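Chain order of the listed sequences is X and P. Take any residue in the first sequence, count from 1 to its spot, add 1: that is its number in the numbering used here. Take any residue in the second sequence, count from 1 to its spot, add 3: that is its number in the numbering used here.
Since the hints were derived computationally from the structure, they do not count as laboratory data. This structure is a prediction, so every number in the text was calculated from the model and none was measured. One or more hints might be untrue.
What the hints assert, rightly or not - To give an idea of the interface, some chain P residues facing chain X are shown, with a C-beta separation under 8 Å as derived from the structure:
(1) Y42
(2) G46
(3) L47
(4) F49
(5) G56
(6) K72
(7) A90
(8) L91
(9) F93
(10) K103
(11) L104
(12) F106
(13) Q108
To be verified - One-sided and incomplete, this derived list gives chain X residues near chain P with beta-carbon spacing under 8 Å:
(14) G17
(15) Y49
(16) P62
(17) F66
To be verified - Over 10 Å on every C-beta distance to chain X, these chain P residues come out as not near it, computed from the model:
(18) N71
(19) H78
(20) G102
Ideal Cβ placement from N, Cα and C applies to all residues, glycine included.
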Amino acid sequence: GAGVSQSPSNKVTEKGKDVELRCDPISGHTALYWYRQSLGQGLEFLIYFQGNSAPDKSGLPSDRFSAERTGGSVSTLTIQRTQQEDSAVYLCASSSLMTRETQYFGPGTRLLVL
Amino acid sequence: AQSVAQPEDQVNVAEGNPLTVKCTYSVSGNPYLFWYVQYPNRGLQFLLKYITGDNLVKGSYGFEAEFNKSQTSFHLKKPSALVSDSALYFCAVKSSNTGKLIFGQGTTLQVKP
Numbered sequence: 002g003a004g005v006s007q008s009p010s011n012k013v014t015e016k017g018k019d020v021e022l023r024c025d026p027i028s029g030h031t032a033l034y035w036y037r038q039s040l041g042q043g044l045e046f047l048i049y050f051q052g053n054s055a056p057d058k059s060g061l062p063s064d065r066f067s068a069e070r071t072g073g074s075v076s077t078l079t080i081q082r083t084q085q086e087d088s089a090v091y092l093c094a095s096s097s098l099m100t101r102e103t104q105y106f107g108p109g110t111r112l113l114v115l
Numbered sequence: 004a005q006s007v008a009q010p011e012d013q014v015n016v017a018e019g020n021p022l023t024v025k026c027t028y029s030v031s032g033n034p035y036l037f038w039y040v041q042y043p044n045r046g047l048q049f050l051l052k053y054i055t056g057d058n059l060v061k062g063s064y065g066f067e068a069e070f071n072k073s074q075t076s077f078h079l080k081k082p083s084a085l086v087s088d089s090a091l092y093f094c095a096v097k098s099s100n101t102g103k104l105i106f107g108q109g110t111t112l113q114v115k116p
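Based on the sequences and whatever the hints tell you, model everything.
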């Protein structure tokens, strides 16, 4: 079946611009996670959704970062006024009770802020 | 606080030899442990997990991992390495609160012909 999909696969933007990253989880998966992978920081958790609510936003690095999930499916991660240190690969993962704790990851969005 | 350590940045093995990628963890309560693999310019691919039960867990592509509670380790192993196993490997522990994964820094596995 279809896996987690993310778009765009690559995004180049200028410092100060806003960007939106999209995640389509596996159908029926109720939990959705955003992570960030960068050379200096490794893999970091950003935010977790259960359904449409976000019980854990503790990993969002600043108030420039926000995310939403609608209809218990698609999620959008928005970065406002991008900075060069936001350059990273943004990974989305989803899971459900049926996967017994296993999170399945999408291919990621590679963001480069010039 | 929960944490994961992968003490080796890189592991080099010859094709056909056994391989081990090390992982130790620190967690309160029962650990949920995972191994993921990442090929260049790709997302993370699930290999195997330990939730409960047998300490030796078998996963995809011939990989296995042994959960050792006394040593708080979860080393990844394979009896005979392939060149195609060359990739970046991540160990992770699941947070007991929200389910987020806490990752180690990753270990690059290089298998040479």
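Out of the numbered hints, which ones does the structure contradict? 1, 5, 6, 7, 8, 14, 16, 17 and 20
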